[in-house]
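The whole structure should be built from the sequences, with the hints applied where relevant.
Protein chains in written order, with the numbering used here: chain A, 1 to 318; chain B, 1 to 318.
Please keep in mind that the hints were generated in silico from the structure rather than gathered at the bench. Wrong hints could be hidden among the right ones.
[To be verified] So the derived list for chain B, only partly shown, Cβ under 8 Å to chain A, looks like this:
(1) 162
(2) 174
(3) 178
(4) 192
(5) 204
(6) 208
(7) 245
(8) 246
(9) 247
Virtual Cβ for every residue (Gly too), placed ideally from N, Cα, C.
Listed below, chain by chain, are the residues.
2 protein chains.
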Amino acid sequence: MTREAWPLIEQAQSIFLIAHVDPDGDTIGSTLALGYALRQMGKDCTLACSDPVPRILSFLPGIDEFSTPSIGQCDVVITVDASDPGRLGGAYEGVLTMGLPILNIDHHVTNTRFATVNLVRPKASATAEIVFDLLREWKVEINSLLATYLLTGIVTDTQSFSTSSTSPRTLEVASELARAGASLIEINEHYYKSKDPGTLRLWGRMLDCMRVDGRLVWSINTVRMREECQAGSDNGNGMVNLLVSVREAAAAILFKEYEGNRVEISIRSRPGVDISAIAVHFGGGGHPQAAGAVLNGNLETAIPRVLAKAREVLDYGC
Amino acid sequence: MTREAWPLIEQAQSIFLIAHVDPDGDTIGSTLALGYALRQMGKDCTLACSDPVPRILSFLPGIDEFSTPSIGQCDVVITVDASDPGRLGGAYEGVLTMGLPILNIDHHVTNTRFATVNLVRPKASATAEIVFDLLREWKVEINSLLATYLLTGIVTDTQSFSTSSTSPRTLEVASELARAGASLIEINEHYYKSKDPGTLRLWGRMLDCMRVDGRLVWSINTVRMREECQAGSDNGNGMVNLLVSVREAAAAILFKEYEGNRVEISIRSRPGVDISAIAVHFGGGGHPQAAGAVLNGNLETAIPRVLAKAREVLDYGC
Numbered sequence: 001m002t003r004e005a006w007p008l009i010e011q012a013q014s015i016f017l018i019a020h021v022d023p024d025g026d027t028i029g030s031t032l033a034l035g036y037a038l039r040q041m042g043k044d045c046t047l048a049c050s051d052p053v054p055r056i057l058s059f060l061p062g063i064d065e066f067s068t069p070s071i072g073q074c075d076v077v078i079t080v081d082a083s084d085p086g087r088l089g090g091a092y093e094g095v096l097t098m099g100l101p102i103l104n105i106d107h108h109v110t111n112t113r114f115a116t117v118n119l120v121r122p123k124a125s126a127t128a129e130i131v132f133d134l135l136r137e138w139k140v141e142i143n144s145l146l147a148t149y150l151l152t153g154i155v156t157d158t159q160s161f162s163t164s165s166t167s168p169r170t171l172e173v174a175s176e177l178a179r180a181g182a183s184l185i186e187i188n189e190h191y192y193k194s195k196d197p198g199t200l201r202l203w204g205r206m207l208d209c210m211r212v213d214g215r216l217v218w219s220i221n222t223v224r225m226r227e228e229c230q231a232g233s234d235n236g237n238g239m240v241n242l243l244v245s246v247r248e249a250a251a252a253i254l255f256k257e258y259e260g261n262r263v264e265i266s267i268r269s270r271p272g273v274d275i276s277a278i279a280v281h282f283g284g285g286g287h288p289q290a291a292g293a294v295l296n297g298n299l300e301t302a303i304p305r306v307l308a309k310a311r312e313v314l315d316y317g318c
Numbered sequence: 001m002t003r004e005a006w007p008l009i010e011q012a013q014s015i016f017l018i019a020h021v022d023p024d025g026d027t028i029g030s031t032l033a034l035g036y037a038l039r040q041m042g043k044d045c046t047l048a049c050s051d052p053v054p055r056i057l058s059f060l061p062g063i064d065e066f067s068t069p070s071i072g073q074c075d076v077v078i079t080v081d082a083s084d085p086g087r088l089g090g091a092y093e094g095v096l097t098m099g100l101p102i103l104n105i106d107h108h109v110t111n112t113r114f115a116t117v118n119l120v121r122p123k124a125s126a127t128a129e130i131v132f133d134l135l136r137e138w139k140v141e142i143n144s145l146l147a148t149y150l151l152t153g154i155v156t157d158t159q160s161f162s163t164s165s166t167s168p169r170t171l172e173v174a175s176e177l178a179r180a181g182a183s184l185i186e187i188n189e190h191y192y193k194s195k196d197p198g199t200l201r202l203w204g205r206m207l208d209c210m211r212v213d214g215r216l217v218w219s220i221n222t223v224r225m226r227e228e229c230q231a232g233s234d235n236g237n238g239m240v241n242l243l244v245s246v247r248e249a250a251a252a253i254l255f256k257e258y259e260g261n262r263v264e265i266s267i268r269s270r271p272g273v274d275i276s277a278i279a280v281h282f283g284g285g286g287h288p289q290a291a292g293a294v295l296n297g298n299l300e301t302a303i304p305r306v307l308a309k310a311r312e313v314l315d316y317g318c
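Pasting the structure below:
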């Protein structure tokens, strides 16, 4: 499948790469790796993202390059780790109407195959795992910088090799990236061991608000909590993983309130429990064990709607 | 080096395997794997440990076999993951005086090479990594049970591939074990993802009480907090590791109040910052990056005394 990507790239001189909204280590690491490799082949690359890159990823060289320019003149667009055009964010969700060839590289099972060429592998633990194969096929030498970009994608998306998507192949690729010079320790120190005090205070508040409702564990992350804890709006996203580690939990949901009457839900589940239907019901998407959606409305209206749907899905689903 | 082990084993019919005191996933997983493999070769094996095996490892088949029999008649003793005879515990620390051939399999840099044959590899992330090579050399087929034993050793000793001992080889071995049928997910689910809700509530309260004082981060764990959260008295011990992951932190201290006018302090620091002097000053001890002590008195008196000493040590120490 990787072979279909090349004809789209081969003739292109100018390539516009888009990381998804609310960017994580996988979309950013994979986009940086692709940009670096394509430039080595003499291509002009623009790295774009609708949202600012979280500070926790600032240890990655080249991170400052991400901005939100208009697409303008380019020969091909590559979307990275985005399951549907909505995940490209306000600045780019209209890209399908521009008549440009698009390469969609992603590992989400819910990917809508919206592009000219869809390099979608739901069995990959991270989009970075697909990019690794792509670069191998393109005969790009994986140096320590490329290895660091890709291992960051894998380590962050698998929560340090602990998600159900972590396969023998994932560990093998990680081993090759470590041999190529990526430092697992450095990535872990930067990503997991340089926490913002405001984020930890916010974690405290979210744990204070934790509710165990049968096999469902949930909590909230409000605008006010973030203000009081002096935590940035991109903080607190790891909490839902902690919530689902509660012994009783089959699934966990975190409700994140935004200004402007929006609530983002992040859902996680135990292996064998598929919660993607909850996200899809509310117009979102994701994986069986990790999914999300954005609802219009406030917490008071969103929570009962989502909990009702979650109970229904959990009743059927396990 | 693995080759020297075989002559000791080859002639032996009866083998006595000893896991270390305060047993962890590596000593238990490695001992189970060795016992299983040696029995396949027709040997009689006894699995011993001075201490009970922790409940968190009870998902490993065969775990009930561990007991504390006297060594009695056997042809060879294998010590597993023990850096010195003291680590064999009260029941077995005298094994050196019995005149038996001993095979010492370990990865601790501090191993005292106390045995007849010392298979000690400080570069291995876990003793299980060494046992993997040993079984390969002995031409033992690694089935899914053996793979589960060994991967449990690696995953628990590397804290899910995040310690500095995790090498490319570690990831490669893990990949082979996963291919052989070990389920990384299952090990993680059992070992890391069965948290008590009371513990998480307590974590929330401790994070609420977190203070950042220059390069020192600290919090408290009171009797009342544990009661209100319905957390057991042994809960909340992982918190100091989370506190030292704060970006600003050179060191972190957790003050744990006990009934009867006692306060236990747990101290952690970043690599390069030695905080053992704080613990030693209050009659405790430990390592440069992890130390502790117990003080008489209440939190009101203990906190200012310890913080004053900590500031002094940190001023000199970094």
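Taking each numbered hint in turn, which are not upheld by the structure, reported in ascending numerical order? As far as the earlier hints go, not one is violated by this structure.
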